Each structure stands twice: as C-alpha cells, then as structure tokens.
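**Q** Here are the chains, one letter per residue:
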Amino acid sequence: MIKVERLVKAFGTTKAVNDISFEVNEGENMVLLGTSGCGKTTTLKMLNRLIEPDSGTIYIDKKNIFEQPPELLRRGIGYVLQNNGLFPHYTVAENIAVVPNLLKWDKAKTQKRINELLEKLHLTKDHLTAYPNELSGGQQQRIGLARALVADPPVLLMDEPFGALDNVTRSKIHGEFKALDELKRKTIIMVTHDVQEAFELADRIALMDKGKIVQIGSPAELLFNPVNSFVSGFLQEQRLQLEFKTIKLIDIWEHLPDSGKKTSTSLLSAQLGVWEALENFKFYPKENLNIINQQNKEVKSATFDQLMAAFSQYKNQQPHE
Amino acid sequence: MNEHQQTLWEFMHQQADKLGMQTLQHIGLTFISLFIAVLIGLPLGIYITRKKQLSGFVLGIAGILQTIPSIALLGFMIPVLGIGAKPAIVALLLYALLPIIRNTYTGITGVDAAVKEAAIAMGMSKWQVLFKVELPLAMPVILAGIRTATVINVGVATLASYIAAGGLGEFIFGGISLNNTNMILAGAIPAALLAIIFDFLLSLVQKLNFKKIKGAVKIAPVLLILLSCLYFIPSAYGGKLTAGFTPEFMGRQDGNLGLISKYGLKIHTIVISDAVMYKAAQEKELDVISGYSTDGRLKAYNLVVLDDDKKIFPPYYAAPVVREDALRKFPELEKTLNLLSGMINDSIMTELNYKTDYLHQTPERVAKDFLMAKKLFKPDRGGNGGTVRIGSKIFGEQYILASMYTMLIKGYTNYNVATKTGLGGTKIVFDAMTNDQIDVYPEYTGTGLLAILQAPAKTVTTLQVNKDSTYSYVQREFLKRYQIKWLKPIGFNNAYALMMRQKQANELHIKTISDLKGFLENK
Ligand SMILES: Nc1ncnc2c1ncn2[C@@H]1O[C@H](COP(=O)(O)OP(=O)(O)OP(=O)(O)O)[C@@H](O)[C@H]1O
Ligand SMILES: [Mg+2]
Numbered sequence: 001m002i003k004v005e006r007l008v009k010a011f012g013t014t015k016a017v018n019d020i021s022f023e024v025n026e027g028e029n030m031v032l033l034g035t036s037g038c039g040k041t042t043t044l045k046m047l048n049r050l051i052e053p054d055s056g057t058i059y060i061d062k063k064n065i066f067e068q069p070p071e072l073l074r075r076g077i078g079y080v081l082q083n084n085g086l087f088p089h090y091t092v093a094e095n096i097a098v099v100p101n102l103l104k105w106d107k108a109k110t111q112k113r114i115n116e117l118l119e120k121l122h123l124t125k126d127h128l129t130a131y132p133n134e135l136s137g138g139q140q141q142r143i144g145l146a147r148a149l150v151a152d153p154p155v156l157l158m159d160e161p162f163g164a165l166d167n168v169t170r171s172k173i174h175g176e177f178k179a180l181d182e183l184k185r186k187t188i189i190m191v192t193h194d195v196q197e198a199f200e201l202a203d204r205i206a207l208m209d210k211g212k213i214v215q216i217g218s219p220a221e222l223l224f225n226p227v228n229s230f231v232s233g234f235l236q237e238q239r240l241q242l243e244f245k246t247i248k249l250i251d252i253w254e255h256l257p258d259s260g261k262k263t264s265t266s267l268l269s270a271q272l273g274v275w276e277a278l279e280n281f282k283f284y285p286k287e288n289l290n291i292i293n294q295q296n297k298e299v300k301s302a303t304f305d306q307l308m309a310a311f312s313q314y315k316n317q318q319p320h321e
Numbered sequence: 001m002n003e004h005q006q007t008l009w010e011f012m013h014q015q016a017d018k019l020g021m022q023t024l025q026h027i028g029l030t031f032i033s034l035f036i037a038v039l040i041g042l043p044l045g046i047y048i049t050r051k052k053q054l055s056g057f058v059l060g061i062a063g064i065l066q067t068i069p070s071i072a073l074l075g076f077m078i079p080v081l082g083i084g085a086k087p088a089i090v091a092l093l094l095y096a097l098l099p100i101i102r103n104t105y106t107g108i109t110g111v112d113a114a115v116k117e118a119a120i121a122m123g124m125s126k127w128q129v130l131f132k133v134e135l136p137l138a139m140p141v142i143l144a145g146i147r148t149a150t151v152i153n154v155g156v157a158t159l160a161s162y163i164a165a166g167g168l169g170e171f172i173f174g175g176i177s178l179n180n181t182n183m184i185l186a187g188a189i190p191a192a193l194l195a196i197i198f199d200f201l202l203s204l205v206q207k208l209n210f211k212k213i214k215g216a217v218k219i220a221p222v223l224l225i226l227l228s229c230l231y232f233i234p235s236a237y238g239g240k241l242t243a244g245f246t247p248e249f250m251g252r253q254d255g256n257l258g259l260i261s262k263y264g265l266k267i268h269t270i271v272i273s274d275a276v277m278y279k280a281a282q283e284k285e286l287d288v289i290s291g292y293s294t295d296g297r298l299k300a301y302n303l304v305v306l307d308d309d310k311k312i313f314p315p316y317y318a319a320p321v322v323r324e325d326a327l328r329k330f331p332e333l334e335k336t337l338n339l340l341s342g343m344i345n346d347s348i349m350t351e352l353n354y355k356t357d358y359l360h361q362t363p364e365r366v367a368k369d370f371l372m373a374k375k376l377f378k379p380d381r382g383g384n385g386g387t388v389r390i391g392s393k394i395f396g397e398q399y400i401l402a403s404m405y406t407m408l409i410k411g412y413t414n415y416n417v418a419t420k421t422g423l424g425g426t427k428i429v430f431d432a433m434t435n436d437q438i439d440v441y442p443e444y445t446g447t448g449l450l451a452i453l454q455a456p457a458k459t460v461t462t463l464q465v466n467k468d469s470t471y472s473y474v475q476r477e478f479l480k481r482y483q484i485k486w487l488k489p490i491g492f493n494n495a496y497a498l499m500m501r502q503k504q505a506n507e508l509h510i511k512t513i514s515d516l517k518g519f520l521e522n523k
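Top line first, the protein sequences correspond to chains A and B.
Mapped onto UniProt numbering, the consecutive letters of the first sequence carry residue numbers 1 to 321.
Mapped onto UniProt numbering, the consecutive letters of the second sequence carry residue numbers 1 to 523.
Treat the hints as calculated values from the structure; they're not laboratory data.
Everything numeric in this text was worked out from a predicted model, so none of it was measured.
A couple of the hints might just be wrong.
Claimed, not checked - Only pairs whose alpha carbons sit at most 27 Å apart, straight line, appear in this in silico DSS-like list of lysine-lysine: (1) K126/B / K63/A; (2) K458/B / K517/B; (3) K297/A / K248/A; (4) K517/B / K107/A.
Modelling step: build the complete structure from the supplied sequences, incorporating the hints.
**A** And the structure:
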C-alpha cells in the first residue's frame, strides 16, 4: 500500500532522515518508534508532503506521490496531530466538515457522516456546536480523529496522537482505538516514542535512531529477535511488561497443564495476551481460569502459578541474544 | 475682556454650520485615508509574512514614516501633490500604515503553527489557508491595529487644516492664533469625542466572537466607504486666483475681515498654515497669501508685497515684553534688553530672516554675526546670578531675537539664561508668560492690541492712525492688566501684508490691494 524508498532529508547539516526504506501493507498498523529527534515526525510529514524530501521516492497505492498535486494528495490522507491542531475559530461540526467541504460534498452527506462518526467516537450532538477550547483534551483528540476519518481516507498518518493525554485517558482511548472498526480497514502509520503504546497498537514497529531504521518487525520479533544491542537496550526497561503483552496464551498453550476441569462459567480466548489473562485473576486461593483454543475447541484450565510457569518455560525456549 | 463674554455653547451654536461641515470633513478625511491604508497595509502585511526577509525593511520604513513630524510630512507633500485633500489624505494614510502592517504581520505570524499545519495537511490551498484559517485567527490583532490607526488619524487629521484640507483643525488652530478659547474648544472637543467614539465602537467589534466577526468583517468595507464619502473635497476652485490665508489672518479685523469690509475684496480663499503657505505660493498652488512684511521667505521665493493703499494693516512694532517681577528680580535686565532698541529696521530684519529661512543658517549664528557687526557682542561671562527665562513663538524671526537676547544677557550681566523657544502661537507663549513660565519674549504691538487685549473695534480705529499711540496703549494696558512691561521697540515693523509671486504680479499689473480687487472684479 505504501512503499518508501531511500528517503533522505537534511536540515542544514543535521540529517533528520538518512536513507530509509520500508513498506506498509494494506490494513496494517505501522508504528514509527524511537527517541526524541530521531526523525519520526520528519518521515511522517514527507508522506503527505508537508516536508519535501531531498531524495527518495514514495508510492501510495502504487502511485508516485510527487507526481500528484499536494492538495489533492492530502485530501486523501487522514492526518492527526499531537496537539490535535483543531481550528479554534470553527465549531466542532465545522472542524470535522473541513475536508468534506474541500471535497465539495453536499450538506446532507456531510451531516450524515458526522453523525455516524459521533456515535462511533462516543461524542454527543451537543458537542457539535461547541468550540474546541470548550472540550476536554480527550474529547479534542477524538474530534481530531473524526476530522481525519470523515472522508474515509484509506491511509491515516498520526503523529503522537495520544501524547498530550494523561495515562488513564490514554489507555481508555487505546482501547477504543483498537475496537474501532473504521480503523481496522485502514493503513495506518503512527509515530510515538512510548514503547508501551507501540506494543499495544502496532502490527509492526519500525524502530528508528539518528535518522535510520534500526529494525523493522512485529513486536515479538523486536522483543525476541533484536538485531543489535540498541534494540534490546531500547526495550530493556519495560521488558517484562512488554513480554506479557506480546506473548499470547496460544503461544504457551503446550506448556499449560492438560486439564479439562470447567469450574468457572466464563471462558477466555487463547488469542489474548498473557497480560490480559493475568488481569482476570481475582486472587483468591485455588482460583482457576478456563481458556478455550478456538482452533480445536480444546479447553484448558490454569491457576496463577501454572500460568506463570508456562510463561517462563516458553521464554526459556526462545533464542537469546 | 470683551463687553460680552460669549459662552462655548453660544459659539458652537452660532457656528453650527461650519462645525458640522468640519466634523464631516474630519470623519471623511480619517476614513478615506484609513480605507486606503487598509487596502495597502493588509496585503503588504500578509506579503511580508510570506517573505520574512522583507519584514524588517518594510516595518522599518513604515516606522520611520511615523516618526516624521506631521507638519513636516505635510510640507514634503506640497511640491508633489499640492495643497488640499490629496496631500492630507496621503499623509494620514502614511501614518496609519504602520499599525496596520505591523498588526497584520504579528497577527498572522502569531497563528498557532500546529493549526496552520493542520490546515495544509487537510489539503487546503495556500489561499484557503490564508482566508479560512490565518486571517480569521489574526483578525482580533488586525482589528486592534486598525483601531490604533483610526485614533491616530482622528488626531493627525486636525493638522490637515494646515494645508487647506479642512477638518476640525480649522477651529483649533484658528483659535490658538486668535487667542479664542471657545474656538479652540469648539474644534478640540468634537475631535476628542470622535476619537473616543471610534475607539469604543472598534473595541466592541474586537470583542465579538469568531462567528460574529465574520459578519462584521463583511460590512466593514461598506461602512468605511460610506464614512469616506462624508468628505467631499473642499475645492470648488472657481475664480481666477486663489488666496491662502492663515487661520489667524482669517479671523482678524486687521486681516481678512478688513479686506472684505474695507476693500470689498472677494477672492476664493482657503485656510492654510504659515509653515507651508509660502511654499504653496511658490509652487503656484496659491496666488495670493497673507504674510509678514519682514519675512525672509519674501526674498527667498521672489514674492512682492501689495501696497496696503487703504491702510487696514496696523503697524506691528516688535519689542520685548517682560514680567514686572522679573525686572525687579534682575535689575540689569531692562538695560540689557534695550541694547537692541532701534538697531534693526525692516530691511535688516528681512535680511536676517532670509539667512535663517532660506540660507538655513542657525538663528544663533545669524544672531551672533549681527551682534558682532554692530560691535555689541561680548563673550559669555558664565554668570550664575539667577536664570532669566526667554520664550519665543514658533518662527524664525522670534528665534533670532531670542538668541540675540540670550547672548546679550550672558555677555553683559551675571545672569544665566534658559530658553523656551518655539512656543506655538500667541496664545501659547502669552499663557506661558502669565503663568510665570517665561520672563521675556518678543511681541508685536498689533498682536498685543488685537489678539491679546482684544481691544474694541472703535479703539482700534482711533489707534491705527499712529504707531506711537498703539505702543503707548498696549504698554499701559499690559501693565495694568497683566503686570507685564513693554520695553523699547526694536525698530522694525512686522505688519501683515498681502503678497503675490513677483512675476504674476507684474504680468497682471497688480501693485496694490485695490489693483487686485479690480482685477478680480474685471472678469
Ligand atoms: N524544520 C526544521 N528545521 C531544522 N531542523 C529540523 C526541523 N525539523 C526537524 N529538525 C531536526 O531534525 C531532526 C529530526 O526531527 P524530528 O522532528 O523528525 O524528530 P522526532 O523523531 O519527531 O522527535 P520527537 O519525538 O521529539 O518529536 C531533529 O534533530 C530536529 O532538530
Ligand atoms: Mg516528532
């Protein structure tokens, strides 16, 4: 869907982006991760030509973006900014309607689409006539997302979209973000420097340093097959939590005890991460969780200790750097 | 002073027509120039946000324009644009530019970069970003600039009367020259009210929220144009010749009033300041002007004085006037000031004025050269036995006289001198004296008689026959009323005179004021 080849951008003597290439598949969520100043924003802004590269090519949907008028290109790409960048002199409704108006949609169509998005993003009609400064940070961020999504662009670029939010609001919005079916169909490139966020939302992560991509791969690949010590060092601090989030119950299936005991009524899906399974323990003695493997309809049951044991056995099998 | 002291209200009532007309002209002048300033300043302000390297240059130029004194700016305009509405509008517009350009620039550069980037990222074109995002968000700041410019313009527009463009300045400056407080207030109060009202109205517009501003911005140009239309250019230049008279001359019995009553002179007349009048005559913007018989510019600009064959201009002998208490405090003062008495006749004074006004020598140098030539000069004794405060009105001759007195006092006595020169018109310098701000200044007998004492018409007629009777009358009355003493006359007579360009006067065979009247009537 998106193909970036040998992109270079220097500001004066600093090489902000130094010869990077990558591809993003349709419907994939690619996260650009890295320390401050490594060139994430610069890379992202070259994708909708807010910044023109010194050299390199970019194809979106097999079309060279430098051969298209920038305005038209941008109307087909959703863009969400860190501080939402809402127009303070427009109401919420007018803010969301910016791109439809540029595309000359008729009023009814725009209105219908706005209502649809409001519902999906848990906003009420009362918000429509408000001005951005009358809304909370979380609400503003949702409006920013609605504005980017309104014309249903196939590609969405997001620069630290949740960076300005507090932790509680952020994890809530993460949940909504993952559940939003609008986003499942979209090819998304998201910038963050928050490792947790990257691991939670990414299909693949491109870890950047000093204008280069150091490693690109799934969260598990970065965690268990780091190409060098920079990658493992980058993830080191939050390693345990990342592993709990990355490893799924299905991954440790074979290490779980063979037990068909179905004491509790609820069944957990084996597609869940270990982290989420652990969150389900209420912590009373001898408590069991029942897990169902959708593929063969097998059900296993494990106590907290058994789950942790299976997790460490699985990890011991992984290659170490 | 007068038998019947007129109240301000009576004056305004009596002059209601003129006042209304001046007010409308004033509003018109303010808004025509404001409108053009917006037409130029707004795009220019936007342009320099795009070409930032030009911003320093453009803002610098606009800033310099604003520091040029208004009168000087008006003076510069005359050779290019003549007198009347055009130069006044251009000058006002130049003053209004800076706040408009500066606020447009700061307003637009102040728009949140993230918001601008969002607009571009949504796919807006350059113009859409400007009109949909940058201008609306910068509007409160831009409006603040327009508000500042409006208030500046209301103020500076009072000066438009100096170059015959009308407005409330006609009353203000006429009143200052004629020592007529009612006339000053009749101009100043409406001018101040206009400034306050426009400032208030624009502050309301500024406080509107974004929604309403959209509407307000749409009606603004219409409103501006309507207000501009109030100013119909006060030209209607009919007649063969045009006269330019100072506001002071216009209102005086020994000025325009006398020309009308004694000569029956009917000439198309515009009101203009002394500072630009001679230049305008030279530039052929004016044909006849009111001037002073010893003015150096007479010689410089090749003008001739028309003979006052019916004797309506009384002699104006110059002499120093001094506060009595100053004479007591400085016993040497009177003797020293009188050193100059009888030393300067008309032609010497014209020559001295010519040196300052045309050859651009400093008044100090001219004064010193003269005193040297007359062997009156003595070097500064650096005395510190008290400080004598010398004042002067705001024209060259008075500067020269003030310099001479300064040198004499410093050379002949142990007193020190502080000068307060350039004290505007008669009213300002005389008020400074009665309020004990200055001790001495050179005054003219005719001015003392008519402008300060405001002697009744009958007295004036009887006194005018003889120059000495005028002198003794003002001397007596000043002592009685103000405890101010007239010392001995300096010698020259600086009377009012009508003058024309020499060449034109020769061509038309006009030598006297009666000739002029004859020419005008003989159509
Ligand atoms: N407009 C610019 N002019 C000059 N230098 C720039 C400009 N934009 C970015 N840079 C430099 O390029 C480098 C990369 O910047 P970039 O904004 O892409 O970093 P980032 O990875 O997004 O960092 P952060 O996480 O702090 O947002 C930095 O060294 C930055 O100083
Ligand atoms: Mg960044």
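**Q** All hints, please: hold or fail.
**A** Evaluation of the provided hints:
| no. | hint | verdict |
| --- | --- | --- |
| 1 | K126/B / K63/A | holds, 24 Å |
| 2 | K458/B / K517/B | holds, 26 Å |
| 3 | K297/A / K248/A | holds, 17 Å |
| 4 | K517/B / K107/A | violated, 77 Å |
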